[in-house]
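With the hints as constraints, model all of the structure from the sequences given.
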Amino acid sequence: MGKKVQCDLCPTECVLEDYQVGGCRVRINKGGTLYSLVYGKPCAVAVDPIEKKPFFHFLPATTAFSIATAGCVLGCKFCQNWQISQADPEDTDNLDLPPDDVVRQAIFYNCRTITYTYTEPTVFYEYMYDTAKIARRFNIKNTMHTCGYINEKPLRELSKFMDAADVDLKAFTEDFYSRICGGRLKPVLDALVVLREEGVWLEITNLIISTLNDDIKKIREMCSWIVKNLGPDVPIHFSRFFPNYKLKDLPPTPMETMKNARSAAMDAGMRYVYLGNMRSEAENTYCHRCKNLIIERHGYFVKQNNISNGRCRFCNTSIPGVWS
Amino acid sequence: MTDIRKFRLLAILTTILVVLILSYNIFGEYFMAEIGGYLQRRIYYERTISKKGLSLHKGMYWKEKE
Chain A
37 MGKKVQCDLC PTECVLEDYQ VGGCRVRINK GGTLYSLVYG KPCAVAVDPI EKKPFFHFLP
97 ATTAFSIATA GCVLGCKFCQ NWQISQADPE DTDNLDLPPD DVVRQAIFYN CRTITYTYTE
157 PTVFYEYMYD TAKIARRFNI KNTMHTCGYI NEKPLRELSK FMDAADVDLK AFTEDFYSRI
217 CGGRLKPVLD ALVVLREEGV WLEITNLIIS TLNDDIKKIR EMCSWIVKNL GPDVPIHFSR
277 FFPNYKLKDL PPTPMETMKN ARSAAMDAGM RYVYLGNMRS EAENTYCHRC KNLIIERHGY
337 FVKQNNISNG RCRFCNTSIP GVWS
Chain B
24 MTDIRKFRLL AILTTILVVL ILSYNIFGEY FMAEIGGYLQ RRIYYERTIS KKGLSLHKGM
84 YWKEKE
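One line per chain: the protein sequences are A and B, in this order. So that you can map any letter, position 81 of the first sequence is 117 in our numbering, and since no number is skipped, the others follow by simple counting. So that you can map any letter, position 16 of the second sequence is 39 in our numbering, and since no number is skipped, the others follow by simple counting.
By construction, these hints were calculated from the structure, which means they are not laboratory data. For clarity, every value in this text was computed on a predicted model and none was experimentally measured. Ideal placement from N, C-alpha and C gives every residue a C-beta, glycine not left out. Don't take every hint at face value.
[What the hints assert, rightly or not] Derived list of chain A stretches under chain B, where covered just means 3 residues or more per stretch with a C-beta under 8 Å from a C-beta of chain B:
{"no.": "1", "stretch": "38-47"}
{"no.": "2", "stretch": "58-66"}
{"no.": "3", "stretch": "161-167"}
{"no.": "4", "stretch": "207-220"}
{"no.": "5", "stretch": "329-341"}
Structure, rendered in structure tokens:
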């Protein structure tokens, strides 16, 4: 029997016996060496609008070549992609797509970005890292949609090749993270700060679930933390919850709650606050200075864009984001 | 074989048996669980995971940079 190995990729830090698979389902100790089971084996591949990730301040109206493998570092009871995130890689239908092929496909489909998304990209770290490194050489940008549950060292190393990250800040209480997600809040907040320090463009998504994390006081507290630690220019996407996976007994989030969350965020000083999973004017971007409509969206599609060279066309104010 | 030799042989065998029974009672649960768990994991790997065409790619790149 080989020796035990501690995986220090995510804050769970599993100690694995020989032939034991980690809590993420995709990393195994074999003979005292830790291996990834999903390198070059995505179970989901698609070309999506970048707005779907969601990124609203990153190359609007472009497409992202999106990939995911099975597995996740958390076990959220409301997961929208639980069929693959909570599945073992031996149970999913996987493609054979090594990093250079991912980049080749992205170029073929005219995608400006490769996005590591759907499940938690941290679990396929090595695959993402190698793909991002190659993509950078071909002037393709790298973005990820992550829960931010990753340790500092691997995150700093990854940040060298990551252009943008959309982090799911699922709630602002340790209780929610432990009871609903099987994780902790503190490492996620630390990861947000690290991404900011490393110069990765950051957007935040917060799924609001009735009775679980819809306390306006907590939302205000979360937004104040963001303004203080990450700055007021970080866009936040409040996403409307619909019953799913293990939380089918809860109702969809009321529109009123969503609007209240947006007001609380703006009161806390956040400049770019969006509402997702619902149609409203809050999916548009308004200049934080002159308040004019600068990007009009309908769902994932951009109807008009009044940003020129990263500046508002009406008042010439610099709009935070990556625009070209 | 004299009676004394037979007695000695019996005494040695009895001692070994007693030691084995005591060891099994003291450590058995620990070793059996460990070996049982190992065999279960190994059999699952050999019969299921390795037959699904999944790769084994060395992990933890950031360790190599330290």
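Checked hints:
no. : hint    : in the structure
1   : 38-47   : holds (count 3)
2   : 58-66   : holds (count 3)
3   : 161-167 : holds (count 4)
4   : 207-220 : violated (count 0)
5   : 329-341 : violated (count 0)
Of the numbered hints listed earlier, those contradicted by the structure are 4, 5.
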